[in-house]
Amino acid sequence: MRRTKGFWALGVALLVFCPLGFHASAQERYVTYLSLADYTGPIAGLNVPADSGLEDFFKDLNDRGGVDGVKIKFLGVDTRYDVARGVSAYKRYRTEHKLVLVNAISTGIGKAIAPLTDRDKIPQLVPGDGEFQAKPGRVFTWGTCYQDAFAATIDWILEDWKAKGKSGLPKIGYISWDNPYGREPLRGGKEYAEKLGVTLLPPEFFPPGTLDHSVWLTRLANAGADYIIIGGVDPTPTNILRDAHKMGLTAKIQFVDATFWGPDETVGIKAHPEATEGAVICVYYLRGKEAREHPLAKRIWEKYRGRPIEEMGSTYATGMIWGLDLEAALKIALKEVGYEKLDGEAVFRAYMKLGGGDHRQGLAGNCTYGPQSRRGSDMVKFYRVQGGKLVPITGWRKAPDAVALHKF
Amino acid sequence: MNERPAFRPKKSLAVIVFCTLPLVFEGLFAWGQSGVPSLDPSPKQIVVSPELLKDPPSFKGSGFKAGEAVTVELGLPQGLKLKGMTQEEPWVGIAFAKADEKGEFQCKTASTAILNWFLQVDWTADGKPDMTKAVPLPPGSYRVRAVGMDSDVVAETGLEILSQAK
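Line by line, the protein sequences are chains A and B.
Quick note on numbering: the numbering used here labels position 13 of the first sequence as 1361, and the sequence is numbered without any gaps.
Quick note on numbering: the numbering used here labels position 133 of the second sequence as 128, and the sequence is numbered without any gaps.
Each hint should be verified, as a subset may be incorrect.
List time: in silico EDC-like cross-link candidates among lysine to aspartate or glutamate, alpha-carbon distance up to 20 Å [stated by the list, open to error]:
#	chain 1	residue 1	chain 2	residue 2
1	A	K1746	A	E1507
2	A	K1594	B	D121
3	A	K1459	B	D145
4	A	K1683	A	E1659
5	A	K1746	A	D1508
6	A	K1469	B	D145
7	B	K60	A	D1466
8	B	K78	B	D125
9	A	K1459	B	D95
10	B	K123	A	D1560
11	B	K103	A	D1526
12	A	K1439	B	D125
13	B	K39	B	E155
14	B	K39	B	D95
15	B	K76	B	E155
16	A	K1651	A	E1641
17	B	K93	A	D1466
18	B	K123	A	D1526
A short, non-exhaustive set of chain B residues, derived as facing chain A with CB atoms under 10 Å [as the list claims (entries may be wrong)]:
#	residue
19	W86
20	T104
21	N111
Think of the hints as simulated: they come from the structure by calculation, not from any bench.
Computed from a predicted model, the values in this text were never measured in an experiment.
Glycine included, C-beta positions come from ideal geometry on N, C-alpha and C.
Given the sequences, and given the hints that come with them, work out the whole structure.
Here is the structure:
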């Protein structure tokens, strides 16, 4: 445990100081990727492995000569999940040499800097904010939009309810962070539930960093929830499950994480295996053993980390999806405008041509970026925690378009 | 007797002032219209403790471009390196707002900013703020500034961090 902690601490140190690690000579042709990340804050548990995976991917790509000779400089800034810090950091680094992509680790930061990246004509990535699909601009979601995943989760719940031989429709609760991320799934997800006639209990929101979730869980349980959809970035979903387990709720209510960042084998499941057992997770990317055994993730992990593969967090492979997208977009943009004219605008136009490609190598269900689509994917997959492992219980399946149901 | 009257500085000055008054008034009027950039923290003196989470510092500002994003940033004295930050960064964002149609804004410091930058907590593997590892900002006179993201307008003022009562 101590060794693992030390290992990731080293990873954090490398990420924080990574701008110093990339030495670009005057003649070297390179572009800059800016990650407004969280390396030491509340969501570091999943973000550090994700950015480590991405940084390793870029190292590997650069070692192989980059994209047509153009290398990628990874610039990671630790925002500690703070919006004001994210915005001021963007302003500080927006003039970096050929800054062609900005990734905002939080929905709040993503929404806050969107007008600025638009003004600067730099494409931007956000986790799953459907607003950017509803009003297409320069912002792309990593994968499936949160509300679409929420709707897919309702579909899965109804299947599960039926499979258990129950009649009527279940009552569904929702609990997540009291911030833009926590509220996003309901902006379309709520309408989807109404469309199906499902009773969605009044949502419960709590501040990030909450120590005990009993109050909110009690309200949902008293309201008769059959299923509770949970949110937050691991370890938060695990902490909800931990409290629910203590209260005896996990035996009566099925908990489902709808927004991708539920218990991971290297974070929450490891810390609370009993409490997380049986929980279901909806994701747009590979998790658990499937992620660890993915050929690209495995090769790069072994090349740069040199640790037992069991220590690889699922999001290490997820980070590579950002890298694969950028690599594919740079290929297109360089072909179209060449290095001298390569800028955010060219990369933005290239991103809109990525849809339908197989460049993600199966790390996500598909890629659906296009002229009218800012969605990274419209597919999800469900896993269940079984014996301390994430076991797939479905294949890739199309998520409903819940974004279209909401008026933004 | 035919000598020209001697130059009278007081009278000449009065004439100049009188002639330029319209320009001064016009300037003042224009100034009032666009608004001088201003930033007003409340309170102006704080004690850094977990109590800030209950009553976070707030900020009012004016003189910004209508509708633009504004960040409120805390100036860091040389040699003070916050957790998660490289030393070269002299400012850290602590609050975020959007200016209204008059170019005015109001905002409060978010709990994450209080925990991360004022208290400098660690976060546990369970995702909780670890107050035992907190390194509160040292007392002293700090600068705070509001920066318009579109206009680059800057309003700056002071914020006093007081010692904890003993």
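Outcome of the hint check:
For the given pair, K1746/A sits about 15 Å from E1507/A by alpha-carbon distance, which is consistent with the 20 Å threshold. Straight-line distance between C-alpha atoms of K1594/A and D121/B comes to about 16 Å, which keeps the hinted pair within the 20 Å bound. For the hint pairing K1459/A with D145/B, the CA-to-CA distance comes to about 16 Å; that is within 20 Å, so the pair holds. In summary, the hint linking K1683/A to E1659/A is not supported, as the alpha carbons are separated by about 39 Å, beyond the 20 Å threshold.
Distance hint between K1746/A and D1508/A is fulfilled; the C-alpha atoms sit about 17 Å from each other, no more than 20 Å. Proximity of K1469/A to D145/B is assessed by CA-CA distance (about 14 Å); at most 20 Å being required, the pair is judged to hold. The hinted pair formed by K60/B and D1466/A meets the criterion: a straight-line CA distance of about 17 Å does not exceed 20 Å. Of the supplied pair hints, the one linking K78/B and D125/B holds, its CA atoms being roughly 13 Å apart against a limit of 20 Å.
Distance check on the hinted pair: K1459/A and D95/B sit about 17 Å apart at the alpha-carbon level, within 20 Å; holds. At roughly 10 Å between alpha-carbon atoms, K123/B and D1560/A fall within 20 Å of each other, so this suggested pair holds. Taking the CA atoms of K103/B and D1526/A, the gap is near 16 Å; set against the 20 Å cutoff, the hint holds. Between K1439/A and D125/B, the direct Cα distance comes to roughly 30 Å. Violation of the 20 Å bound is thereby established for this hinted pair.
Our distance criterion of 20 Å between C-alpha atoms is met by K39/B and E155/B, whose separation comes to about 6 Å. Proximity of K39/B to D95/B is assessed by CA-CA distance (about 23 Å); at most 20 Å being required, the pair is judged violated. In summary, the hint linking K76/B to E155/B is supported, as the alpha carbons are separated by about 19 Å, within the 20 Å threshold. Distance check on the hinted pair: K1651/A and E1641/A sit about 14 Å apart at the alpha-carbon level, within 20 Å; holds.
Taking the CA atoms of K93/B and D1466/A, the gap is near 16 Å; set against the 20 Å cutoff, the hint holds. For the proposed pair K123/B and D1526/A, the alpha carbon gap of about 15 Å is at most 20 Å, so the pair holds. For W86/B, the interface hint holds, since its Cβ comes within 10 Å of a Cβ in chain A; the closest pair sits about 6 Å apart. The closest approach between the C-beta of T104/B and any C-beta of chain A is roughly 8 Å, which is under the 10 Å cut-off, so the hint is satisfied.
The interface hint given for N111/B is met, as the beta carbon of that residue sits about 4 Å from the closest beta carbon of chain A, less than 10 Å.
Hints 4, 12, 14 from the earlier list are contradicted by this structure; the remaining hints agree with it.
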